[in-house]
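Chemist: Listed below are the residues making up each chain.
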Amino acid sequence: MSNKKQLHLGVLMTYAGIHAGAWRHPNTKSDQLLDQSLYREFAQIAERGKLDAILIVEVLSLTERNKKLAEDFPIPSPDVMSALAVMAAATSKIGLTGTLNTTYNDPFHVASKFSALDHISAGRAGWNMVTSQDPNAPFNYSRDGQMDHSVRYERAGEFIDLVKKYWDSWEDDAVRADKKSAIYLDESKVHTVKHEGKFFSVNGKSNFPRPVQGYPVLFQAGSSESGMKLAAQQAEVVFTAQDNLPDALAFYKKLKGTLPSYGRRDDELVILPGISPILGSTEREAKQLEEQFNELILPEIAVKRLSSLLDFDLSSYPIDGPVPFSEINVEANVTKKSRVQLLKDLAQRENLTIRQLSKHTNGGSGHFPFVGTPEQLADFMEQWLEAGACDGFNILISHFVEGLEILVDHAIPILQRRGLHRNEYTGSTLRDHLGLSRPVNPWTR
Amino acid sequence: MTGQRRQLHLMVSLQGSGYEPGSWRHSSAQPDKLHLPIYYQQLAQTAERGKLDLVYLDNPFIDPLTLMAAIVANTDRIGVGATVTTELIEPFAAARSLAALDHFSKGRSAWYAGTHSNYEPQRLNDRSSEWTPSQLLERNQEFIQVAEKLWDSWEADALLVDRAQGKYIDASRIHRINHEGKYYQVVGPLGIPRPPQGRPIRIGFTELEGAIGGADVVVTPRASLEEAIARKSSLHSGKLLTTIVPILAHTEVDARALASELRQYRTSKNNVQEDNLFVGTPTQLADWMEMWFTSGASDGFHIQPALLPLGLEDFVDQVIPLLQARGLFRTDYSSSTLRGHLDVPAERFSEEVTQ
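First to last, the protein sequences are chains A and B. Take 1 as the starting number for the first sequence in this note's numbering and just add one per residue. Take 446 as the starting number for the second sequence in this note's numbering and just add one per residue.
The hints are simulated quantities; they were obtained by calculation from the structure and are not laboratory data.
Okay, the calculated beta carbon distance ranges per label pair:
# : chain 1 : residue 1 : chain 2 : residue 2 : range
1 : A       : 188       : B       : 654       : 26 to 36 Å
2 : A       : 68        : B       : 771       : 53 to 63 Å
3 : B       : 680       : A       : 298       : 49 to 59 Å
4 : A       : 267       : B       : 788       : 58 to 68 Å
Straight line, CA to CA, 20 Å or less: simulated DMTMM-like cross-link-like pairs of lysine to aspartate or glutamate:
# : chain 1 : residue 1 : chain 2 : residue 2
5 : B       : 551       : A       : 35
6 : A       : 254       : A       : 268
7 : B       : 478       : A       : 186
Using N, Cα and C, we set each Cβ at its ideal position, and we do this for glycine too.
Only chain A is shown next, with the shape it has when bound in the complex:
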């Protein structure tokens, strides 16, 4: 067995694919987005590729532009936990990660849902902890408006602590099920969760068992200062948007460097930059596919998307002129600080016009947009891994399911041949795949 460091690979399943034009492509299964069968198929292909995990994100409301529903955009992903449960039924090894936000949910329900998923999947669940950037969400949840960035993160920190307490409420062997003595639960192994905090106050026991993995694997995204702090404290896998190697390397070193101050080791945190590949058997073919996708989005729509992202109306500026960043206040955009900064840096670094920059929002929202052959993708991944800029990648699939099929059938075998990716799963839980240890229940220490 190779001692060479291997890539950890996740795949993101969102909308009809990450590319905004993806749904209109004839090969995309856009009319199956509400069918169980699509999710099962996606999961089975990913498992065939021996990937670590699938990630499904939570989308709280329909896409709007200037207060109107966007008709050109596919509907959001359906319910996260339902989709993951369905994928669990169709697979046996691949990790199943989902986003549930800490702003509009209750910690008990999040803890309960992930305990259920972990048992449904025999230990393959992961929780992507986000605070939620959706500005419309508060108005669907009987709230007056969005919480401040820092308040959201404060709530998130407390939320996560409480969720862990719920998971630890039952010890692993709390179920005695002794028919003779009539003892079902060993009450000495079921602990009351006592929590008195700024946002939550609880006094009671969980009614669900400890997850198979102890805790589902904890994922986190968000590269703002608060996000990085939360990651260093709590996360086991971190997603990040990096569009060049030096920045990625700096981020990796910085984040790993903060771990010892929280009593954590280097290998307790897996860092996965996002990459949104468009692959073809030749470079030309890949570029053609990219153009096909881009053509499926009208330039005015692309500019509208960019305007939305920057929270600044670009429609009155010449499309082939520069992006008026001097007039765009990065700090004011509280929901997407880090992404806006990324786009600004990119535009300035490469002198992009509005039209050009708008194409960068079609792919991975600031993640690395890769266009090329599977061989080139493997080279790229190998380079970043060996440079120490990542522990693997989160691959944002371009279009369903073909984008995943091409990755699994053409890129994965190359990585396997180079010893950079597993040929077979050696474990059966998501923790096994990611090389993460199982948390000990504090009650049993």
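We have chain A; now place chain B onto it with these hints.
Modeler: Here is chain B on its own, set in the frame of chain A:
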């Protein structure tokens, strides 16, 4: 079909090892599995084998909607229902989950909007502890109202997937609900299209808190025949199901012995509704069900097996065939949706909901 007898409807509730509290101690019970989803998947598959309309998840150990998804993924035709405790979750979240499950199951979802859960730990700072029981009920009714408005927020033909025109949806057919209520303020619309059933089937239990009015399925405990007939005739829409807790064996003597054994396993003061118990043979149960149903006392039955999995297996293998032979119950599913099985038509798209 002419000459076809009116057929009854069957719903089975799954609670752990059965409705007798001490049932887990019976030799056939599998108490080490009660907190595992696979146990309920297998029970649901047994119920589907018996062609039941609906399986209702009533277990305390697993998140209801997540378990419902696992059951949906492992069944094909049977309806699947779960509890939504309206006390502490937002209607928007529940409506979305149920809509997704209705899509994934191709129209087999059901729910019960309950006011509170005995199973959740006490949150000391949640506002619901300030409310009176009647306020909780009021809030429960508003929750249902919001969920229904959200399901109605997409017209049936709002989803286009028109690649040529570049129109995924027709925005003119999707409406904000702009609900400004006493307990909830929700703008909407729902984030996913109209469920295949229009709205998931709603269950009401007369013995529990939560709205009965407007429910598609109303579950009521076993009463006298006269009371039952009176209740049935006062129900304007929806199907009325009588609760029955069967304890079955080959002979009446054996059935009574089993009932006695299970009673012995009870500890402390477990609350058991003796009135719903039916202790006897499969034939006796089928006879009673036929009498009850043909008298017009209900549209069918809500089975709460006293002992699981054995009680459900016996019901499916021994009682169902008798009902089928008498033309009282389907021999196979003729519909693919729960509304179809129950013969409860979908609500018309609400024309009062506008932009």
